[in-house]
Amino acid sequence: MLYKTRQVRTEKGLFVELVREEAVVYPDTKVSNPEDIHELMKVLGVVQSDVEQLWAVCLNAKNKVVGVFLVSQGTTNCTIVIPKDIFKRALLVNANSVIITHNHPSGVVTPSKEDKDVTERCYDAGKIIGIELLDHIVVSEDDYYSFKKESDI
Numbered sequence: 001m002l003y004k005t006r007q008v009r010t011e012k013g014l015f016v017e018l019v020r021e022e023a024v025v026y027p028d029t030k031v032s033n034p035e036d037i038h039e040l041m042k043v044l045g046v047v048q049s050d051v052e053q054l055w056a057v058c059l060n061a062k063n064k065v066v067g068v069f070l071v072s073q074g075t076t077n078c079t080i081v082i083p084k085d086i087f088k089r090a091l092l093v094n095a096n097s098v099i100i101t102h103n104h105p106s107g108v109v110t111p112s113k114e115d116k117d118v119t120e121r122c123y124d125a126g127k128i129i130g131i132e133l134l135d136h137i138v139v140s141e142d143d144y145y146s147f148k149k150e151s152d153i
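Going letter by letter, the sequence shown gives residues 1 to 153 in our numbering.
No lab work stands behind these hints, which were simulated from the structure alone. It is possible that part of the hints are untrue.
[As the list claims (entries may be wrong)] Once the Cα atoms are required to be at most 25 Å apart in a straight line, the calculated DSS-like pairs of lysine-lysine come out as: (1) 84 to 116; (2) 149 to 116; (3) 62 to 42; (4) 127 to 88; (5) 30 to 149; (6) 127 to 116; (7) 127 to 84; (8) 88 to 116; (9) 30 to 113; (10) 42 to 127; (11) 113 to 62; (12) 64 to 127; (13) 88 to 64.
This one's a predicted model, so the numbers in the text were calculated from it and none came from an experiment.
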């Protein structure tokens, strides 16, 4: 995740520093299955993290990655997920769809009840704003669980 800053002078002559969050662009990366997301999370070091992290992988109409964002970081067994924070980033990069993924530091990728609830809330939110939630993938270093592959989405 990159941040751009710039200073703007207000009416009263005060300078205000504006910060804009930007995604790293991945021009040639296409996602076609959960294994691709698992590999991406390995490359980013997410699977080795000792705390839960939720990431949004934003895709264009051809399933090419247009942005990857760290949305939330929590504790060893939970993280706070607010659908608005996911879709705000998807809108920022003009995404057509999004895949959310998070790690389980325990190594056990079986989704919790909370994971299932978050998936349902994000799926519903995406339908409302027109950005499809394609999948929610729980990852560990050696394994993953795909809600779509398991027909849970």
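Comparing the hints with the structure gives:
1. 84 to 116: Given that 25 Å is the threshold and the Cα spacing comes to 17 Å, the pair holds.
2. 149 to 116: Holds - the C-alpha atoms of residue 116 and residue 149 are around 14 Å apart, at most 25 Å.
3. 62 to 42: holds (23 Å)
4. 127 to 88: holds (14 Å)
5. 30 to 149: Holds - the C-alpha atoms of residue 149 and residue 30 are around 18 Å apart, at most 25 Å.
6. 127 to 116: holds (17 Å)
7. 127 to 84: holds (13 Å)
8. 88 to 116: holds (21 Å)
9. 30 to 113: Outside the cut-off at roughly 30 Å; violated.
10. 42 to 127: Status violated; Cα separation ~29 Å.
11. 113 to 62: violated (32 Å)
12. 64 to 127: holds (20 Å)
13. 88 to 64: holds (19 Å)
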